[in-house]
Each structure stands twice: as structure tokens, then as C-alpha cells.
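Asks: Each chain is listed here by its residues.
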Amino acid sequence: MNKAKIAKVILNILIVIASLACLAMLFEMLGSFKYANREVEDPVETGMGVFEYDLKHRAYGEIVGSWYVDRMSSMEAPAGLEPTYRVAEYAHTAFMSRVYEETGDESAAASCAERRENLRNSLGDYGYAADEVDEMILNSP
Amino acid sequence: MITCRSCGAQFDPALVRCPYCGTAYAPAEQGEYMGQLEDIRVDLENYGMEVDIGGRREQVPVNPNPQTMEQFDAAYTDTKRRVIGSALKTGGLAKRAAILMVLIIASVIMSVISSANYADPDPEADIRRDAALHAAEYAAEAEGYLERGEYTEYVSFLYAHELMNFPPSNFDHLKGVTYVASEYYECIRYMEEIVLRSDDPDYFDGLDTDIGIFVRAVDGFYEVYEVWRESEKYADYFACMDEMKAELEAAMRVYFAMDEDELQAFLAASEAQKAVRLEEVLRHE
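Going down the list, the protein sequences come from chains L and Y.
Here the numbering used here is used: the first residue of the first sequence is 342, the next is one more, and so on.
Here the numbering used here is used: the first residue of the second sequence is 107, the next is one more, and so on.
Okay, chain Y solo, but in the shape it has when bound:
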């Protein structure tokens, strides 16, 4: 018999709690817990499978360390049951994943085919590559155009080889003259369009538009000319710039029937006044 440390009553030491006040008796409680653990261990050891042994069904314990064929067979069957059970739980997942993969792969393939069909060749990329490879050669060729005074050809050459917008460093010394030539090119182009316009009344008359563009191009030429003509860095090409200016003024004198004073008055006029003046001359008003 032991004495309860709470109420002082005497009771059997096999009991887990005092029957009078309910106070726990630790040694007995620990013993009971250990007993439960032992029961679990025994249950696990005795947990078995029903297997066919010699034509009769027998419950064979599953041993984590099988020693006999029956134990091996039971362990195998148990493992198989667990694997199939697990597979059944996740049944359809693999199938869905496979469908998803097929759909994604098909989409990617169709996307690649579409891109290939829509892709257009980019000839300008090849031209830029060619210009970068032959920059020195092209710079010499461009200088040849300037030496011969073929300024519109010079600008066309630069455009045709993508050297106007993306000039390599070999063209740095031509920067000033290129800007001036570009404006000269626009002026001459629109003057030619104006002078050689159709006189057929059934043909679209774009004279007003061409005059408007030409007038802006002329103003643009003089602005650019004045800027680059003062830059000593490009002094080697001042003669070219002056020649372009002289040719442009000569063209205006010849084709717009202006003497020197009229030309200077025309150049000093506003865009609108220039356009009106050209309309009068070209329409013989």
C-alpha cells in the first residue's frame, strides 16, 4: 500500500490514480504508458496478410526482416497492395500531365511554323553588314562622287548602302558635306518634279504639294549650309558645299525665271510668300 501525497489515503500501488482524490501516481502511470507501447509493438508484429500457403489461406505476420518464403511473400504482397493503392489514388494525374505536355508541344511547334511563314527577309540587314565590312572602300567611292560634283548621286549612293543613317567611323569627315548634300538632293529632286510635271489636264496635278515641299527643302538647305559652312572641321569640303549652293541658285534662276535680285528677294521671303511666288511663275499667272 502507498500513501496519497495529496489526501493521505492508503491505496494499491498498481493503481494509476488515488481512488479517493484522483491524484496521479507517476510510477504506475509510466508503467501503463510503457505497457501501451508494448501492445502497439506486438500488434504491429502480429499484423499480417492472408496468403495462400499450400492451398489454404493463412494469416502470416509481416516481418520487417523476413526470414522465410512465406514472410517474403507476405512482404511482397503488402508492398504491392500499397503501391497499387497509391497509384489508384493518383490515377489520371499522369494522363492529364501527358495531355498537357502534348498540347504545349503542339502549340510551340505551330508557333514556330507560323513565325517561319510570316518571316520576311530583311535585305537592309545584309546591306548594313556589307557596309560595315566595306566601309573604307565605300568611303573612297563616296569621295569620288564628291570630287566629280555628282552630289545627288553621292546621296543616292549613301542611301543605297545604308550609310546615310548608319555611317561607320570612316565617314566622320564627310558628316558636314553629307548633311548639306542631303538637303541639296531634296531641293533638286523636287525642282525636277516641278519642272517636268505633266501638262496633261487629265493627269493628277500635284504642283501645290511639290512647291510646298520644295520651299521647305530650300529653307532647310540654307539653314544646314550656314551651320556646316562655318565648321572648320569640314573645311576640306567647303568647296563642295559652295558648289551645291551655286548650282541650286543657278537652277532657281533658270527654271523659275529669276534674276539675281529676284532670287535674293525670293530667298528672303517667308515659306508662304515663296510658294505664292512659285505658283505665279509656274502657272504663268
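Chain L with its partners taken away, still in its complex shape:
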């Protein structure tokens, strides 16, 4: 077999391999377009849906837990999710109020009370949540 024929055979093999790779990349590319155009769930809709569900069941612990997790990413509430941050922060300040009263830290307790009042006034339609949280805090354990 002369050199030209050997080169042709090698090239034919390489063409087959490259064709398979090309086909695989074609499927990969089509998949990537599908991925890029996938429907992404609206974080506000999801977040508020979960929040409303937790409120309905008075699961303020879950609301506070989510707030702790979310605050690891952003100290400020994402647009549209402000009520979740406000209710959770109210619950946190209500919790800490009793702690400061117990430790006798009057300045912290006063600051906490002021913050609670501001948050309560900003809750709007969720004002009832503040009452429920206060009741749970005062009646614990």
C-alpha cells in the first residue's frame, strides 16, 4: 500500500470520528438552545406563594428560617419580596425583645422596640402577622 493510500485511509477514519463528534455537538447545541429558552420560575411569585402558605398556617418559624437563608445572599429584600423580609424581621425583633429584657440591656430593648414599631407600621395588609407573632412570643414555651 503506497503512502497516498495510507493517508486516505487515515483521513477517512478521522472524517468518521469528526462526523460523529460533529453530530454529538449538534445535539448538544440543540439541547443548549432548549436550556437557554427554558421557562424560569418567577422568584417573586414562588417566594410570595410560599410566604402566603406559611402565613396561612402561622408558620413564622419557616418565614424566619427563609429570611436567615435569604439574608446570606442579600441584606436588602429583593424587589417584590419586601413583605417576607418585614414580617421575618418583625418576628426576629420580637424574639430578641424578650431576650434583651431578660439580660437587662435597656438600650438594646429600647432600640428593638422602636424597630418593632416601625416594622409593624410598615406591614400594611400583613399587620395581623405582627399580632400573631407577639402572641406566639409571649406564650412561649
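If you are wondering where the hints come from, they were derived from the structure by calculation, not from laboratory data.
We put the CB at the ideal spot given by N, CA and C, even for glycine.
Among the clues, some could well be false.
[Stated by the list, open to error] Heads up, simulated DSSO-like pairs for lysine-lysine below, C-alpha to C-alpha not over 27 Å straight-line: (1) Y:K351 <-> L:K344; (2) Y:K195 <-> L:K346; (3) L:K349 <-> Y:K195; (4) Y:K380 <-> Y:K351; (5) Y:K281 <-> Y:K195; (6) Y:K186 <-> L:K344.
[Claimed, not checked] Here are the computed distance ranges between Cβ atoms for each label pair: (7) Y:L199 <-> L:P384: 18 to 26 Å; (8) L:T387 <-> Y:L199: 53 to 61 Å; (9) L:I347 <-> Y:P229: 48 to 56 Å; (10) L:E393 <-> Y:E230: 25 to 33 Å; (11) Y:D236 <-> L:E386: 27 to 35 Å; (12) L:S463 <-> Y:E368: 32 to 40 Å; (13) L:S415 <-> Y:D342: 26 to 34 Å.
Got chain L sorted already, so can you dock chain Y onto it with the hints?
Replies: Just chain Y now, kept in the frame of chain L:
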């Protein structure tokens, strides 16, 4: 006539070998070899091409140094024949190479497009870059949280700016208090989850899990507190560490209905005993 140096017989000096014993006669042999070379040279010189000269076909010798138009024409035709012959031998190679290149280029392009479509932005990289750029400013802000006694906010701030896992050197002096605050943060978080858990029987009751996590967090807090509270390097923040401990103990007294003795007994108990004790208190058993 010459005499054979092997058998002594007389023979014609034009002969290459002795006709009696076959011994080679070197001068004649050399002459014959040179004659063959000359024949080859003449053959090469006379090797020609059949070309059309004035309407008739003629065999024209190919001269390596053509002088006439016929010789030039013959040399050109010969070269053309050789080139085409060579091209025919390697015919298809270039085509195959071109196909291969097209396939490779197409694969690379599709790979790049796929990568671009799959790539998700990495917001944490931007946050880390921002933290590195504003490290001094953020360190001052973090110290502000500590001064105000806002320890959970302090930890959230560090996490939100990727300063908990990748703190720049500006945060070296806060290392001890950060570890303690991180454990305090976990304790307070799970206490809040426990205290504010849903009382709706239709809602998932994760109390057992939360108690388990809280109990481990409390043990973790005391371990970390004892280690860093002894490190004089972080003495500036001992007051913060003590305040966190006092707040945690106050929270346990208030929300788990414990007096000081019960609290000390609770803290001395094993994880399992702590969990059982909390179950009893929180489920009113």
C-alpha cells in the same frame, strides 16, 4: 595477450574474466562498468517526448538545458505530465482534508455556542471582587454591627458580601469574634424557628429536626466560645463574645422556661439528653 594471475593461461585483454578459470580481470571489468555508465548517460540524453512540430509528431530529446523552442516545449510537457501524474496519485487527499477541517471547525463552533447557552452568570464572583475592592470599608461596617450588638446582622452581612468564607486581611482581627458569632447566629436562628413554629396540625411538624440542629449548635457555640475567649489576640472583642453568651443563655431561660440551675444542668447534659429535655418543654409533656 595477458596471463591469468590465477591459472596462468593466456587470454585476450578485452575479456573481463579468464575464459579458463573465471578469475576477474580488473582493468577490463572497470572499462565495462564505465561503458555502462556512458550508455545510461546517452539513454537519458536521448530520452524524449513526442511533440507536435509543424503538424508532424517527432520524438524530441529532453535536454536539461533547453536551447530551442522544441526543447522548451518538450521540457514543459514533461513537467506537466509529471505534475498531473503526481496529482492523480494523491487525488482525494486534499478533498478529504478539507472535509475533515470543515467538520472540526463546525464542531468547535457548535461547542462554543453550547457553552455560551449553558453558561450561567456567577454573581458570587462579582461579590467577591467587590469585597476585595471595598475590604476596608466593609470591615468598618462589620465593626459597626458588633458595636451595636447586632450579632446576627453581623454574620448575615459577612455572608452577603462573601466575607465569611473568603475574608480579606482587613478582617484578621475579627476572626475570633466571627467564629463565635457564626455559632451564635445558628443557635438564635433555630431557636426562633422552634419558638415560632406552626401550631397548625395540618402543617409539617419539623420540631424534632430543629431541636436536633439547635442542640448541636449550642454545643458548637460553647466549644468555639471557650477556644476564642482564651485567645488574648482577640481580647478587644471578648465583651462581644460574653454578650453573645449572655444573650443565648437568656434566650434559653426565657423560651425554654429554665431557671439558672436548670440551664446549667441542660448545658452539662449530652446532646440526646438536651433534645429530650427540649421535647418535654416544647410539647408540654
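Asks: Checked against the structure, which of the hints given earlier come out wrong?
Replies: The structure breaks hints 1, 5, 7; every other hint is satisfied.
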